[in-house]
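Construct all of the structure, not just a fragment, from the sequences and the given hints.
2 protein chains.
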Amino acid sequence: MTVTLTIDCMGGDHGPSVTVPAAVSFVRLHPDARLMLVGIETAIRAQLKKLKALDNPALSIVPATEVVEMDDPVEVALRKKKDSSMRVALNRVKDGEAQACVSAGNTGALMAVSRYVLKTLPGIERPAIASAMPTPTGYTTVLDLGANVDCEPQHLLQFAEMGHALVAALEGKERPSIGLLNIGEEVIKGNDTIKRAGELLRASTLNFFGNVEGNDIYKGTVDVIVCDGFVGNVALKTSEGLAQMLSNALREEFSRSWLTKLMALAAMRVLKRFGKRFDHRRYNGAALLGLKSVVIKSHGSADAYAFEWAIKRGYDAVKNGVLERLAHAMDENSGSLERAADASASGHSGDPLPGGIPPGTASSPKA
Amino acid sequence: MTVTLTIDCMGGDHGPSVTVPAAVSFVRLHPDARLMLVGIETAIRAQLKKLKALDNPALSIVPATEVVEMDDPVEVALRKKKDSSMRVALNRVKDGEAQACVSAGNTGALMAVSRYVLKTLPGIERPAIASAMPTPTGYTTVLDLGANVDCEPQHLLQFAEMGHALVAALEGKERPSIGLLNIGEEVIKGNDTIKRAGELLRASTLNFFGNVEGNDIYKGTVDVIVCDGFVGNVALKTSEGLAQMLSNALREEFSRSWLTKLMALAAMRVLKRFGKRFDHRRYNGAALLGLKSVVIKSHGSADAYAFEWAIKRGYDAVKNGVLERLAHAMDENSGSLERAADASASGHSGDPLPGGIPPGTASSPKA
Numbered sequence: 003m004t005v006t007l008t009i010d011c012m013g014g015d016h017g018p019s020v021t022v023p024a025a026v027s028f029v030r031l032h033p034d035a036r037l038m039l040v041g042i043e044t045a046i047r048a049q050l051k052k053l054k055a056l057d058n059p060a061l062s063i064v065p066a067t068e069v070v071e072m073d074d075p076v077e078v079a080l081r082k083k084k085d086s087s088m089r090v091a092l093n094r095v096k097d098g099e100a101q102a103c104v105s106a107g108n109t110g111a112l113m114a115v116s117r118y119v120l121k122t123l124p125g126i127e128r129p130a131i132a133s134a135m136p137t138p139t140g141y142t143t144v145l146d147l148g149a150n151v152d153c154e155p156q157h158l159l160q161f162a163e164m165g166h167a168l169v170a171a172l173e174g175k176e177r178p179s180i181g182l183l184n185i186g187e188e189v190i191k192g193n194d195t196i197k198r199a200g201e202l203l204r205a206s207t208l209n210f211f212g213n214v215e216g217n218d219i220y221k222g223t224v225d226v227i228v229c230d231g232f233v234g235n236v237a238l239k240t241s242e243g244l245a246q247m248l249s250n251a252l253r254e255e256f257s258r259s260w261l262t263k264l265m266a267l268a269a270m271r272v273l274k275r276f277g278k279r280f281d282h283r284r285y286n287g288a289a290l291l292g293l294k295s296v297v298i299k300s301h302g303s304a305d306a307y308a309f310e311w312a313i314k315r316g317y318d319a320v321k322n323g324v325l326e327r328l329a330h331a332m333d334e335n336s337g338s339l340e341r342a343a344d345a346s347a348s349g350h351s352g353d354p355l356p357g358g359i360p361p362g363t364a365s366s367p368k369a
Numbered sequence: 003m004t005v006t007l008t009i010d011c012m013g014g015d016h017g018p019s020v021t022v023p024a025a026v027s028f029v030r031l032h033p034d035a036r037l038m039l040v041g042i043e044t045a046i047r048a049q050l051k052k053l054k055a056l057d058n059p060a061l062s063i064v065p066a067t068e069v070v071e072m073d074d075p076v077e078v079a080l081r082k083k084k085d086s087s088m089r090v091a092l093n094r095v096k097d098g099e100a101q102a103c104v105s106a107g108n109t110g111a112l113m114a115v116s117r118y119v120l121k122t123l124p125g126i127e128r129p130a131i132a133s134a135m136p137t138p139t140g141y142t143t144v145l146d147l148g149a150n151v152d153c154e155p156q157h158l159l160q161f162a163e164m165g166h167a168l169v170a171a172l173e174g175k176e177r178p179s180i181g182l183l184n185i186g187e188e189v190i191k192g193n194d195t196i197k198r199a200g201e202l203l204r205a206s207t208l209n210f211f212g213n214v215e216g217n218d219i220y221k222g223t224v225d226v227i228v229c230d231g232f233v234g235n236v237a238l239k240t241s242e243g244l245a246q247m248l249s250n251a252l253r254e255e256f257s258r259s260w261l262t263k264l265m266a267l268a269a270m271r272v273l274k275r276f277g278k279r280f281d282h283r284r285y286n287g288a289a290l291l292g293l294k295s296v297v298i299k300s301h302g303s304a305d306a307y308a309f310e311w312a313i314k315r316g317y318d319a320v321k322n323g324v325l326e327r328l329a330h331a332m333d334e335n336s337g338s339l340e341r342a343a344d345a346s347a348s349g350h351s352g353d354p355l356p357g358g359i360p361p362g363t364a365s366s367p368k369a
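The listed protein sequences correspond, in order, to chains A and B.
In this note's numbering, each number is its position in the first sequence, counted from 1, plus 2.
In this note's numbering, each number is its position in the second sequence, counted from 1, plus 2.
No lab work stands behind these hints: they were computed from the structure.
Among these hints, one or two may not hold up.
[To be verified] On the chain B side, residues computed to face chain A include the following (Cβ under 7 Å):
hint, residue
1, G216
2, I219
3, A237
4, L252
5, F256
6, M265
7, A268
8, F276
We put the beta carbon where it would ideally sit given N, CA and C, even for glycine.
Set out below in structure tokens:
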């Protein structure tokens with residue numbers, strides 16, 4: 003099966019000088035991939051020429067005359083720039099010419115234009131942003147990372163369904179484990195939304211592990227962690243800040259004097275290996291989930307290596323049927339809200355209900 | 003001025019074997035400190051004897067027959083164990099025999115018993131947990147770290163006042179800068195609570211910097227960052243998890259073979275220096291703020307070195323008048339809610355109010 007993706011070549015801090023080399027490298031490694039390069043034709047052509055890829059049959063150019071800038075307000079992207087590379091790339095997906103879109107454009111604009119052009123899947127109220135975060139042995143997929151603040155319990159259930167589908171597709175795990183991000187047991191355990199989301203998840207057919215805490219992200223306790231976008235964004239940005247500080251400090255300590263520089267030289271092999279293991283570029287490519295097609299958002303500052311990873315995530319998601327899996331998970335759990343209500347009515351009450359149902363019978367639908 | 007603290011010697015994972023050595027070391031370095039060691043008398047006495055500190059006049063033993071265990075529910079600590087070392091240590095503070103209490107006991111119990119025994123300051127609805135997180139050049143104080151989920155805007159203002167007072171006292175900065183934790187600009191900027199908290203902070207006399215993001219914690223952008231306890235706890239735990247994973251991985255890479263072990267040996271000096279710079283033990287000692295006295299919560303797993311840092315934070319807070327500063331900040335800002343309402347009524351409306359106040363005049367009370 004051929005996988006066709008549109009690439010918004012103008013998005014990100016570097017535009018075609020990053021996106022086009024990444025695309026060329028990607029199709030050379032993946033013979034069944036077709037990439038439609040969307041953007042200012044002359045700019046894309048110049049890059050292709052430089053890379054001797056003008057006549058690569060796996061690449062085609064789709065002209066677009068406008069560019070959504072990184073600081074453009076959502077309204078501009080949505081209402082003014084109707085021939086932007088971002089919009090055209092999404093239109094081609096909507097028209098069925100490609101199965102997914104990859105863009106390094108600004109998150110707010112990409113989410114808004116994607117929603118407008120592609121629409122959300124039936125039953126999904128809010129798309130979410132999912133990304134992989136490294137663990138000692140692999141990674142944890144966390145969502146939502148910032149698309150939704152103020153989530154209701156049913157949104158967290160939907161995020162869990164989306165995360166389930168994404169990880170099932172990308173990692174071939176049939177029943178990825180799902181954790182609900184919460185705070186330390188010592189303190190009052192979570193707010194009302196979290197408690198009710200927990201009930202919904204327990205009543206679902208998903209492989210729900212239970213509550214997890216912030217440190218579980220990096221322990222790899224579960225495959226998927228769900229949280230509202232505010233909390234997820236803070237966790238992501240906090241991690242980026244800490245990693246950056248530590249890496250700067252390590253570099254600083256090693257370049258303090260000629261002696262420490264010698265030490266760095268001596269330890270180079272280990273330091274490189276360590277650096278490679280947690281190279282954030284390998285985790286580039288967040289998935290906007292809940293739309294009628296897959297959209298992958300690359301970091302704006304991505305280099306060609308990082309952007310190629312984002313293309314790979316889009317390709318893998320399509321190839322492994324993430325949307326079909328999501329539809330299936332949602333179908334299976336369409337009764338979760340009702341089941342949770344039942345469980346809550348019967349399982350949490352000390353006495354049997356008037357109808358004579360003993361407490362607890364409805365609280366474990368998986369059994 | 004003499005500073006007297008009560009030490010809950012039985013709290014934490016290790017009890018007197020950690021708390022007593024820390025106390026002995028502390029008074030040897032701080033001649034004006036008096037520590038009341040609260041707990042099982044024989045256990046404390048045995049430790050003191052071992053350290054040849056039985057007759058140190060700066061140390062006294064206050065017997066308590068019960069211990070709040072790390073997994074005791076809040077209700078047990080509060081209603082059953084009335085002669086616990088934690089409760090007795092707080093009682094002595096309430097009675098004015100000491101000015102602050104330091105405990106490594108479980109957070110939920112310590113917060114609940116502290117609230118019950120000491121009461122909150124007038125005007126403070128909810129105490130908060132504040133802790134220091136390292137930056138390249140110092141640290142950022144973040145609160146709340148888990149005492150309060152579901153905060154209202156006025157609680158975030160109170161946290162800012164508490165953080166202001168704590169940092170002013172501990173670091174001698176008269177007007178520490180305050181940031182409000184929010185999410186990326188690209189996305190919808192924060193929820194309603196955050197937006198309204200921003201208005202309150204802008205209308206206050208505090209040195210309000212504006213919104214900050216998760217990575218600003220480790221950049222040192224501001225002196226104090228305020229957030230609700232759910233978000234703060236996730237940021238803290240996520241950081242702990244990431245730091246742990248990276249440090250394990252670095253150790254792992256360096257112990258992979260005899261060659262890498264040699265490299266580690268060569269780089270030892272730098273690695274040690276790096277490790278020391280971010281040694282989390284130096285940041286031990288979270289302040290429970292908003293109570294009528296200062297309470298310092300140490301990590302349960304603290305060793306003697308870390309616990310001594312917690313004692314130091316309590317000592318510094320008392321010595322530098324954190325409570326007096328807090329009272330002053332609250333007094334100055336008692337009109338913030340009204341001012342913010344004014345600012346919002348006049349500044350956010352496109353037209354002048356009927357009274358003729360032009361928009362914006364009330365929105366910058368600091369000018």
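Q | Hint numbers contradicted by this structure | A | none
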